[in-house]
Amino acid sequence: MSNANSRPPVPPPTGPGSPQDVPPLPGSLPLDPATLPEPIRDELLAPDPVAIDTSSAELKDGLNHCPKCGATDIRHKPGSDLLICVYCRNEWHGARIEEEFGLGEGIDQLEGDVIASGARDIAADAASVMTFKCTGCGAEVAVNTQNAMSARCHWCRHVFGINEQVANGAVPDAVLPFRIKKDDAVARIRQFVDKRQLFALKEFKEQFTPENVVGVYLPYMIVDGRASADVGGKGEIETARYTRGSGDKKKTYYDADVYRVRRHVDFTVDDLPLESSTERGNLDTKVNTNNIINTILPFDTKNAVKWNASYLSGFSSEKRDRDVEHLRPRLEDQLLSIARAQVEDSVHRYDRGVRWETESLDVHGTRWVSMYLPVWLYSYHQPGRNGGLLHYIAVNGRTGETMGSVPVQQWKLILAALTVGTFLEGIAIWIVASQS
Amino acid sequence: MSDDSSLILLALGPAGAAGLYWGLYRHYRNTDKSHAYERETLVEARPVTGSDEKIGEVKGTQETRIRGDNVRAYRKRVQRLRGDGEREP
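Chain order of the listed sequences is V and E. At the far end of the first sequence sits residue 708, using this note's numbering, and the numbering has no gaps. At the far end of the second sequence sits residue 1473, using this note's numbering, and the numbering has no gaps.
It cannot be assumed that every hint is accurate.
[Unchecked claim] In silico lysine-lysine, DSBU-like type, Cα no more than 35 angstroms apart, as pairs:
id	chain 1	residue 1	chain 2	residue 2
1	E	LYS1460	V	LYS574
2	E	LYS1460	V	LYS523
3	E	LYS1443	V	LYS506
4	E	LYS1438	V	LYS522
[To be verified] Partial pick of chain V residues on the chain E-facing surface, computed with a CB cut under 10 angstroms:
id	residue
5	LYS349
6	ALA512
7	LYS523
8	TYR526
9	ALA528
10	VAL541
11	THR550
12	GLU551
13	GLY637
14	VAL678
15	VAL680
16	ALA688
17	ALA689
18	GLY698
No lab work stands behind these hints: they were computed from the structure. Cβ atoms here follow ideal geometry from the backbone N, Cα and C, with glycine treated the same way.
Input sequences plus hints: build the corresponding full structure.
As structure tokens, this is what we get:
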């Protein structure tokens, strides 16, 4: 685009912000490595960073004051769901919202919209910079909720977090603390990039410093839902297969029965995460690499704890700016995709496939909870047209799932492709020449 | 050897080059990846119901699959019917 202002941005092809293609199965490669030259094969076959399964620990109640000594200098203990008092080293858990609010139950009886208090609509006039009166000395302290949720009073060193829900949407219902430590995240990012060295951009390799990874709490809406879907279309079953003609003119023909196929499915979904920030929800791979952060979903949201700003000290955060109504089209899109995946098993008898032509969705009930989820983010800005491209490498702060976008040195990649192509063409020409 | 099969054989070079380029590009940039929510979300579904009605036959087609097969393209939206049967504009 030569002039960015002349036209509004083109919306993604279907579904608000959602990529159109179903992602490939984990571990599947777009190429058969056995057919490739050795250096490329080694790179493709190198192990991926391991994603661990997290399990929950029994949790108790938490306060912003240390329950033992009353100090306010409280931090999240890395690698655990614990809070630790920096003053007396006392450690304790936050309350799990799953049990606290009964979020795991009653999904099959959901009616209408249940919206948790932290997921309410953002007030139009709410500012992101808020001032608070320090409870220690009474001084006014400003907190920019755009990227931080706690501050230290510059007069009395009292640490306080934003715990009461404020109208600008910055305070969620729950937070899922980091479990993967920084060293671990750095190692995973290194391993991920080591697997992508041969054709990586030279500047990227030179400037690669995974130690600069940043821990960020990103805003999500976690949605439970109960819905019904109907799909209709046509399916074909092969009845005969025969060949006509002979020699070079031999062609295969098929006969098939055509059926009108209708399917109905009632289903519930538990803890579907949706990005509740406009910027992060835009997954257009031509202009950004947010699909990388989208790929490391899901999180073990069952282990989320009730909001406590102390979990965020030392990390940055991004503020929610989307309301339930903004996210509803995205939810419906994903529910329809889930329904289509659910009915797939029921149409296996159509061995020539099914073409779905119509679909409808009836959402009976939804439950929305806003949550901050932990992500380790490494970024590299590749200069280019229209401001270049920001490449992310993201590590799920709970499971360790790692995904990233490594900028490519185009000339190297094209040269390798041409070399392999020329080699194959040489063999082809040799075969053709020797047979004619 | 027929002309057809030599043409196919000669297309091997360009096809291999393009395939390698795209395969490696996706390995580095991962533009095809996203959250596989169809697979990774906890979904509880009641048994699927529905109907199948024979409406015709196809004779002597050369296509190996039904045209526009989208049974695995879950995310390709088709015409959306609203609750009262009205079609969306």
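task = Hints the structure violates: just list their numbers, smallest first.
result = 5, 11, 12 and 13
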